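Colleague: The chain contents come next:
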Amino acid sequence: MNIGTYLDNVRATTPLVHNITNYVTVHDVANILLACGGSPIMTDEPDDVEDITSICGGLNINIGTLNKRSIEAMFIAGRKAASLGHAMLLDPVGAGASRLRTETAKRLIADFRFTTIRGNISEILALASGGSSTRGVDASLADAVTEANLQAKADFAKAFAAETDAVIAITGAIDLVADATRCYAVRNGTPRMASITGSGCQLSGMMTAFLVANRESPLGAALAAVCAMGLAGEIAESRMQPGDGNSTYSDRIIDAISLMDGATLERGAKYELL
Amino acid sequence: MNIGTYLDNVRATTPLVHNITNYVTVHDVANILLACGGSPIMTDEPDDVEDITSICGGLNINIGTLNKRSIEAMFIAGRKAASLGHAMLLDPVGAGASRLRTETAKRLIADFRFTTIRGNISEILALASGGSSTRGVDASLADAVTEANLQAKADFAKAFAAETDAVIAITGAIDLVADATRCYAVRNGTPRMASITGSGCQLSGMMTAFLVANRESPLGAALAAVCAMGLAGEIAESRMQPGDGNSTYSDRIIDAISLMDGATLERGAKYELL
Amino acid sequence: MNIGTYLDNVRATTPLVHNITNYVTVHDVANILLACGGSPIMTDEPDDVEDITSICGGLNINIGTLNKRSIEAMFIAGRKAASLGHAMLLDPVGAGASRLRTETAKRLIADFRFTTIRGNISEILALASGGSSTRGVDASLADAVTEANLQAKADFAKAFAAETDAVIAITGAIDLVADATRCYAVRNGTPRMASITGSGCQLSGMMTAFLVANRESPLGAALAAVCAMGLAGEIAESRMQPGDGNSTYSDRIIDAISLMDGATLERGAKYELL
Chain A
13 MNIGTYLDNV RATTPLVHNI TNYVTVHDVA NILLACGGSP IMTDEPDDVE
63 DITSICGGLN INIGTLNKRS IEAMFIAGRK AASLGHAMLL DPVGAGASRL
113 RTETAKRLIA DFRFTTIRGN ISEILALASG GSSTRGVDAS LADAVTEANL
163 QAKADFAKAF AAETDAVIAI TGAIDLVADA TRCYAVRNGT PRMASITGSG
213 CQLSGMMTAF LVANRESPLG AALAAVCAMG LAGEIAESRM QPGDGNSTYS
263 DRIIDAISLM DGATLERGAK YELL
Chain B
13 MNIGTYLDNV RATTPLVHNI TNYVTVHDVA NILLACGGSP IMTDEPDDVE
63 DITSICGGLN INIGTLNKRS IEAMFIAGRK AASLGHAMLL DPVGAGASRL
113 RTETAKRLIA DFRFTTIRGN ISEILALASG GSSTRGVDAS LADAVTEANL
163 QAKADFAKAF AAETDAVIAI TGAIDLVADA TRCYAVRNGT PRMASITGSG
213 CQLSGMMTAF LVANRESPLG AALAAVCAMG LAGEIAESRM QPGDGNSTYS
263 DRIIDAISLM DGATLERGAK YELL
Chain C
13 MNIGTYLDNV RATTPLVHNI TNYVTVHDVA NILLACGGSP IMTDEPDDVE
63 DITSICGGLN INIGTLNKRS IEAMFIAGRK AASLGHAMLL DPVGAGASRL
113 RTETAKRLIA DFRFTTIRGN ISEILALASG GSSTRGVDAS LADAVTEANL
163 QAKADFAKAF AAETDAVIAI TGAIDLVADA TRCYAVRNGT PRMASITGSG
213 CQLSGMMTAF LVANRESPLG AALAAVCAMG LAGEIAESRM QPGDGNSTYS
263 DRIIDAISLM DGATLERGAK YELL
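Chains as they are written, first to last, in the working numbering: chain A, 13 to 286; chain B, 13 to 286; chain C, 13 to 286.
By construction, these hints were calculated from the structure, which means they are not laboratory data.
What you are looking at is a predicted structure, and each value in this text was computed from that prediction instead of being measured.
Heads up, some of the hints might be wrong.
The list cannot tell twin chains apart, which means a pair is met if one copy fits it or any two copies do.
Unchecked claim - Derived pair list, reagent style DMTMM-like, types lysine to aspartate or glutamate, alpha-carbon separation capped at 20 Å:
#1 K118 / D191
#2 K118 / D59
#3 K80 / D167
#4 K80 / E62
#5 K80 / D123
#6 K80 / E115
#7 K80 / D59
#8 K118 / D63
#9 K282 / D191
#10 K170 / D59
#11 K80 / D256
#12 K118 / D177
My request is simple: use the sequences and hints to build the entire structure.
Modeller: Structure below.
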């Protein structure tokens, strides 16, 4: 399928996405979901999540500022979403940086078959191996996916996809999107995306909408979302004027998603099957 | 009274507004309150809300990401605000979408006489009738206020105003602002306002400041706030450049409010008594 | 030391800062930390804060939307950070406006030696004297630091610095930065900074990164951060175009920080030893 079609399908169906996410980047997650053609709803109250998940098509669980209440809500919402066959995404923010984050992410993966797990390389390593050099919420340089280790990292991604039965999206300077048998590398994006908060969280929210609108092909949907986010970063970069800095850049990413159509995404997507 | 005067009264008195609101749009609520000339303060801790409400002039209760703690805080703050005769606004975000939201909003309405209740048509229907087709936090198309059903919806708004003894503000493509005997239709705004998160929450925060600064005329104050928000959306739209998208649009709405004076509001307000 | 060097040291070392902060301005705090060259991480779950604080170099405690859970987290994180010798900053948002805020801030100061305490004059007065005219989260006009009372306020700041063994940063139209023996006045900034939410919270986050990167000279680090924030406000002001308002201004402050280097800060900083 044409990569742009995945986006067109989002705009055609307005998928409703339930987000249990952190309070740092939640506003951006809501806005990028609207910008790509989805519809966001947020709740992390255990007594509220079953009803809200029930009216949605997808569940985006992001552990960025997890707490006991929201963890309880993640499991309740997860059980309901799983029972309804919803698209489910896990963003294990900071896995490897604290026991609570690592263990919560592992318990979630043990209890639910996520459609997609999206994180940076250090977070994904922490979940796969139990040991990692995570530096807070940013990936460790030592872990980074590079041209030199691309095939080894792709093999890792496919193995973790096989283990979890999920599409694995590992984002960084080079992004990897894999299922058990295939791994794509994506070379969209710009270095400046690492200098603003929330581009990963935004991608997870948007990706959930892509998964809902393209239930038959989660690998393609995840790949298309990764390309769309990176392309938006490139478009934003191309519009920077003298004096513009991080905050303007951040706004322009959401601007670019709101203006992107399938044809633009198809032309701009830079991916290859490894 | 001139519609613009309601805004001038806000800027002249800097009303302090206590907001118990959701963490998705809270930043925008704070900024629009400052932009219109008010002063925001947020707290949802039961042990903190009495003191904070006491130093304010108005209380804005928004149930967008309610939880057990914040619900408790809503009732404690509500009792204190009611005892002090403060302006009180309820924004029943997602009423109709979950039992907890619908029941919490109904309990709040049962316990307190709100100065104003502001929501989309599906949320207000859920509170009036107990049954609705709410689709998440967005209004259902089937419920929408249109030119064809305008008088019937106005009658509904007046009846709910009579039932609750509150001014009812129902916002959408056409907005309705009613008390028990009069209903205004407002035709400010642009369709793009539905594509960003938080324009409703922002309006509720700003409206509370208008209610505090114009205690003698809540119907006029709510009407003026609705006109101001819609006019800001039009001004923002008029400033969009090629390449600008949702995030720039969102910023420009707050920009427009921060620059708006009473004379501009008076000239731009588009309302009629039905 | 050259004032600009403090900023250069942040960019050279990417200090990781743990923030327990309010959900109103948390997104701006994360972004300004990234913009100045630091790296933010947020968590307020008692079971998560020890691990997260352990991998950081500094702890920024902001009581803006404190609750029982986050208060518990503040003390747990504080004990761990203190035991590790981390830079610790307290931003007592709304101290004086509620008993819970005043008492929590006082308990934190009693339990921990903060590297720096940063607030507006009303908040700092509330902590020093137990009585204040705090108006919500904004400083009372009656308390304001002016040219007429500058020396008296400087003496107060030095006395409170001696009492707490912390650097005291009091921000407003004129900022004061003091230790027990020296007090600087800073005259950077513009009045418009008071019309947006979060410039104080942003400064506290950024200042913590300056403190981590310049452990040997907290007074200079706090002074440099205050100058940087005010200078960013001036740069943002200079870029305002017709039709630009509060939200654009807010974005341009973070833009300016992201583009600022030590030489620019050194040239633009306006401070004097009183």
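Colleague: If a hint holds in the structure, say so; if it does not, say that too.
Modeller: Going through the hints against the structure:
no., hint, in the structure
1, K118 / D191, "within (19 Å within a copy, 47 Å between copies)"
2, K118 / D59, "between (24 Å within a copy, 16 Å between copies)"
3, K80 / D167, "neither (35 Å within a copy, 45 Å between copies)"
4, K80 / E62, "both (17 Å within a copy, 15 Å between copies)"
5, K80 / D123, "within (17 Å within a copy, 26 Å between copies)"
6, K80 / E115, "within (13 Å within a copy, 24 Å between copies)"
7, K80 / D59, "both (14 Å within a copy, 8 Å between copies)"
8, K118 / D63, "between (25 Å within a copy, 17 Å between copies)"
9, K282 / D191, "within (19 Å within a copy, 55 Å between copies)"
10, K170 / D59, "neither (37 Å within a copy, 33 Å between copies)"
11, K80 / D256, "neither (40 Å within a copy, 40 Å between copies)"
12, K118 / D177, "within (14 Å within a copy, 43 Å between copies)"
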